[in-house]
Amino acid sequence: MAVTLSERAAKHVANYLKKRGKGVGLRLGVRTSGCSGMAYKLEFADSVLSDDIEFESHGVKVLVDPKSFPYLDGTELDYTREGLNEGFKFNNPNVKDACGCGESFNV
Amino acid sequence: MALLQIAEPGESAAPHQHKLAVGIDLGTTNSLVATVRSGLAVVLNDELGRPLLPSVVHYEADGRNEVGYEAQARQALDPRNTIGSVKRFMGRGLHDITHRESMPYEFESSAEAPGMVRLRTAGGVKSPVEVSADILRTLRLRAEVALGGQLVGAVITVPAYFDDAQRQATKDAAKLAGIPVLRLINEPTAAAIAYGLDNAAEGVYAVYDLGGGTFDISVLNLSKGVFEVLSTGGDSALGGDDFDQRIFCWILEAAKLLPLSVEDARLLLTRAREAKEYLTYHGVAPVTTRLNSGEVVDLELTTETFGEISQTLVAKTLQPVKKALRDAGLTVFDVKGVVMVGGATRMPQVQHAVGEFFKQDPLNNLDPDKVVALGAAMQANLLAGNRAPGDDWLLLDVIPLSLGLETMGGLVEKIIPRNSTIPAARAQEFTTFRDGQTALAVHVVQGERELVSDCRSLARFELRGIPPMVAGAARIRVTFQIDADGLLSVAAREQTSGVEASVTVKPSYGLSDDEIAGMLKDSLAHTKDDAFRRALKEAQVEAQRLIDAVQSAIKSDGELLSAEQRTRVEAAIIKLQTAALSESRRHLTLAMDDLEAETKDFAARRMDKSIRRALAGKSIHQLEAAGNPSQTQVSKGEAE
Numbered sequence: 292m293a294v295t296l297s298e299r300a301a302k303h304v305a306n307y308l309k310k311r312g313k314g315v316g317l318r319l320g321v322r323t324s325g326c327s328g329m330a331y332k333l334e335f336a337d338s339v340l341s342d343d344i345e346f347e348s349h350g351v352k353v354l355v356d357p358k359s360f361p362y363l364d365g366t367e368l369d370y371t372r373e374g375l376n377e378g379f380k381f382n383n384p385n386v387k388d389a390c391g392c393g394e395s396f397n398v
Numbered sequence: 107m108a109l110l111q112i113a114e115p116g117e118s119a120a121p122h123q124h125k126l127a128v129g130i131d132l133g134t135t136n137s138l139v140a141t142v143r144s145g146l147a148v149v150l151n152d153e154l155g156r157p158l159l160p161s162v163v164h165y166e167a168d169g170r171n172e173v174g175y176e177a178q179a180r181q182a183l184d185p186r187n188t189i190g191s192v193k194r195f196m197g198r199g200l201h202d203i204t205h206r207e208s209m210p211y212e213f214e215s216s217a218e219a220p221g222m223v224r225l226r227t228a229g230g231v232k233s234p235v236e237v238s239a240d241i242l243r244t245l246r247l248r249a250e251v252a253l254g255g256q257l258v259g260a261v262i263t264v265p266a267y268f269d270d271a272q273r274q275a276t277k278d279a280a281k282l283a284g285i286p287v288l289r290l291i292n293e294p295t296a297a298a299i300a301y302g303l304d305n306a307a308e309g310v311y312a313v314y315d316l317g318g319g320t321f322d323i324s325v326l327n328l329s330k331g332v333f334e335v336l337s338t339g340g341d342s343a344l345g346g347d348d349f350d351q352r353i354f355c356w357i358l359e360a361a362k363l364l365p366l367s368v369e370d371a372r373l374l375l376t377r378a379r380e381a382k383e384y385l386t387y388h389g390v391a392p393v394t395t396r397l398n399s400g401e402v403v404d405l406e407l408t409t410e411t412f413g414e415i416s417q418t419l420v421a422k423t424l425q426p427v428k429k430a431l432r433d434a435g436l437t438v439f440d441v442k443g444v445v446m447v448g449g450a451t452r453m454p455q456v457q458h459a460v461g462e463f464f465k466q467d468p469l470n471n472l473d474p475d476k477v478v479a480l481g482a483a484m485q486a487n488l489l490a491g492n493r494a495p496g497d498d499w500l501l502l503d504v505i506p507l508s509l510g511l512e513t514m515g516g517l518v519e520k521i522i523p524r525n526s527t528i529p530a531a532r533a534q535e536f537t538t539f540r541d542g543q544t545a546l547a548v549h550v551v552q553g554e555r556e557l558v559s560d561c562r563s564l565a566r567f568e569l570r571g572i573p574p575m576v577a578g579a580a581r582i583r584v585t586f587q588i589d590a591d592g593l594l595s596v597a598a599r600e601q602t603s604g605v606e607a608s609v610t611v612k613p614s615y616g617l618s619d620d621e622i623a624g625m626l627k628d629s630l631a632h633t634k635d636d637a638f639r640r641a642l643k644e645a646q647v648e649a650q651r652l653i654d655a656v657q658s659a660i661k662s663d664g665e666l667l668s669a670e671q672r673t674r675v676e677a678a679i680i681k682l683q684t685a686a687l688s689e690s691r692r693h694l695t696l697a698m699d700d701l702e703a704e705t706k707d708f709a710a711r712r713m714d715k716s717i718r719r720a721l722a723g724k725s726i727h728q729l730e731a732a733g734n735p736s737q738t739q740v741s742k743g744e745a746e
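From first to last, the protein sequence lines are chains X and A.
For what it's worth, our numbering labels the leading residue of the first sequence as 292, then goes sequentially.
For what it's worth, our numbering labels the leading residue of the second sequence as 107, then goes sequentially.
Heads up, a few of these hints could be off.
[Unchecked claim] Distance ranges between label pairs, derived from CB positions:
| no. | chain 1 | residue 1 | chain 2 | residue 2 | range |
| --- | --- | --- | --- | --- | --- |
| 1 | X | G365 | A | G116 | 21 to 27 Å |
| 2 | A | S342 | X | G374 | 35 to 41 Å |
| 3 | X | R372 | A | I203 | 17 to 23 Å |
| 4 | X | D342 | A | S595 | 51 to 57 Å |
| 5 | A | S191 | X | M292 | 57 to 63 Å |
[Claimed, not checked] Only part of the chain A face toward chain X is listed, based on derived beta-carbon distances under 8 Å:
| no. | residue |
| --- | --- |
| 6 | L109 |
| 7 | L110 |
| 8 | I112 |
| 9 | A113 |
| 10 | P115 |
| 11 | S118 |
| 12 | E153 |
| 13 | V251 |
| 14 | L253 |
| 15 | G254 |
If you are wondering where the hints come from, they were derived from the structure by calculation, not from laboratory data.
Here the structure is a predicted model, which is why all the values come from computation and not from measurement.
Note that the Cβ used here is the ideal one computed from N, Cα and C, for glycine as well.
Take these sequences, add in the hints, and give me the full structure.
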């Protein structure tokens with residue numbers, strides 16, 4: 292399995308990286324916190340760490356640390372617009388239930 | 107689910123802890139709100155995808171109001187209750203507002219509303235702060251919907267020439283709108299940030315801001331990441347609307363139209379604006395319309411013709427530019443970059459004229475309508491704490507005039523020098539001047555001159571309850587603190603007793619830009635004169651201190667002087683008192699030398715006496731300590 296970006300998400304990430312002027316790709320992760328146990332991490336990556344699991348999706352390098360990977364395997368990151376708001380959305384098949392806003396989740 | 111943005115490495119926010127911050131350009135004609143999404147500054151559009159919010163508020167009798175395009179649409183029908191360009195009234199009294207008679211508003215008389223102007227509307231009496239708050243509230247709601255949460259704060263931009271009263275009014279409006287203000291920053295500074303000039307080479311930059319109805323030019327100096335406003339200028343009645351007017355007149359003439367009805371005039375003005383905007387990207391603009399009167403207008407406006415009919419307007423903007431450079435003591439060759447701000451700078455003839463004047467291509471690749479809001483958003487993002495690790499620069503503003511306090515003899519002791527970056531806090535220790543002095547008057551002043559009488563008085567307060575001590579023994583720490591918005595608080599604390607007093611300087615004491623410029627000019631012109639007067643004053647203060655010291659010495663140890671010596675000392679005191687009244691520093695110094703010579707012997711004898719006394723005291727103390735150790739223990743414990 293893998294962690295992927297939708298084409299639209301990849302386009303936005305590539306654009307942000309270009310404007311930012313530095314960074315090798317995108318880092319996805321999870322950490323324990325929030326109202327339902329776990330929360331996503333979504334950050335620019337300035338370097339590849341030795342134990343990172345690497346993916347390439349529509350030309351964008353995606354990095355996941357090995358501890359987070361079991362919780363994210365199969366996830367597709369999408370970019371969507373909801374009314375005036377727009378941003379990235381994790382479509383994660385591992386999630387059993389999430390808090391109302393979806394920012395933290397349980398597997 | 108909530109939509110996420112990409113954070114800087116290690117900066118992912120905990121769920122529900124996103125630091126949502128925005129930049130707000132609260133403009134005279136239009137306002138905008140912007141934020142940083144995934145590291146990129148973007149303007150937040152309304153539901154219909156429009157970035158601008160016209161700075162217009164319409165008040166209804168039932169207490170409701172409309173803001174933006176809806177209000178703008180009511181302007182023609184209900185001008186009295188539709189407030190536009192309210193920014194011109196911010197922090198202004200009735201007497202500050204010119205051309206009041208040409209405005210459709212009903213102002214409260216100054217007797218009813220001392221201080222800031224107030225407007226009578228169907229929805230009640232409104233202050234400019236309330237009207238601005240209604241605009242800001244609309245922007246806040248737009249931002250909260252778009253970002254999906256509550257704002258931690260906003261950076262709001264103000265013109266560089268805004269004084270304290272106008273800045274405070276802007277802050278008050280934000281507070282009223284429920285927006286925590288992270289900082290107010292100058293519009294030209296925000297534009298420069300949007301272009302990343304804060305990371306660019308140090309040097310002088312000009313910001314040319316031609317908006318809908320106002321023109322501003324600012325000359326900034328960037329040094330160590332700090333923008334200092336060197337000079338500002340402009341024309342508060344010149345903007346893109348005047349270019350529309352020129353085209354409108356040209357249409358009337360070219361189509362040989364008779365005087366028009368109000369509706370037809372409005373229609374033609376709209377066509378004129380469309381033609382202007384079309385010409386930004388095309389060489390020829392069609393002007394075709396059918397008027398209500400039945401007449402048909404079918405013309406073509408070329409770039410050349412538009413250039414000709416608007417030539418004087420463009421030239422009119424360059425006058426303030428020249429003046430601003432002159433005020434800053436610079437020439438066009440000192441200017442490293444020119445930033446274009448305001449929709450009207452899209453016009454090719456404006457671009458061309460500015461480029462020709464500064465002998466370089468102006469920076470124009472960002473949307474000139476949005477550039478100020480974008481810069482403010484970038485600053486807000488940093489202030490809210492969303493910065494990348496190691497990227498810890500913080501843009502600072504500077505205070506325009508030195509802040510200090512009055513010392514003996516009406517002299518100014520500068521505590522925070524002008525062009526210091528803010529926020530700033532500095533402390534200095536002062537002491538008492540007379541024996542047994544129990545109070546100290548603190549007089550806070552602003553200005554560059556050496557004498558208090560030539561500076562602006564900001565505040566006075568008294569520190570009372572200083573324990574009586576000999577002159578010079580008290581240690582009074584005076585702290586000046588300026589917050590990020592330029593508001594000053596001053597505190598005085600006597601260190602041994604801990605008594606304190608403080609004051610926060612009310613913004614109504616703020617200086618206008620002209621006053622600041624005038625005061626700076628004065629200080630340069632009077633540098634030599636001031637130095638002389640300062641030296642004289644200092645000598646006078648020193649003389650008084652010497653007289654006081656000698657007199658108190660005679661009082662306590664007069665028996666050490668022979669009758670003859672005492673007469674001579676007293677004569678020298680009188681001579682010095684007379685000299686202190688004269689304006690001659692030389693006489694004063696001579697008289698002081700005389701008195702010092704006369705009292706030299708006396709001082710030596712007093713010294714001997716006090717040493718003997720001290721020694722005697724010590725031996726008694728030692729005896730006591732040896733005889734009663736438990737008592738020493740106790741007193742030692744107390745000392746700790």
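- Item | Structure-inconsistent hints, enumerated in ascending order | Violated: hint 3 alone.
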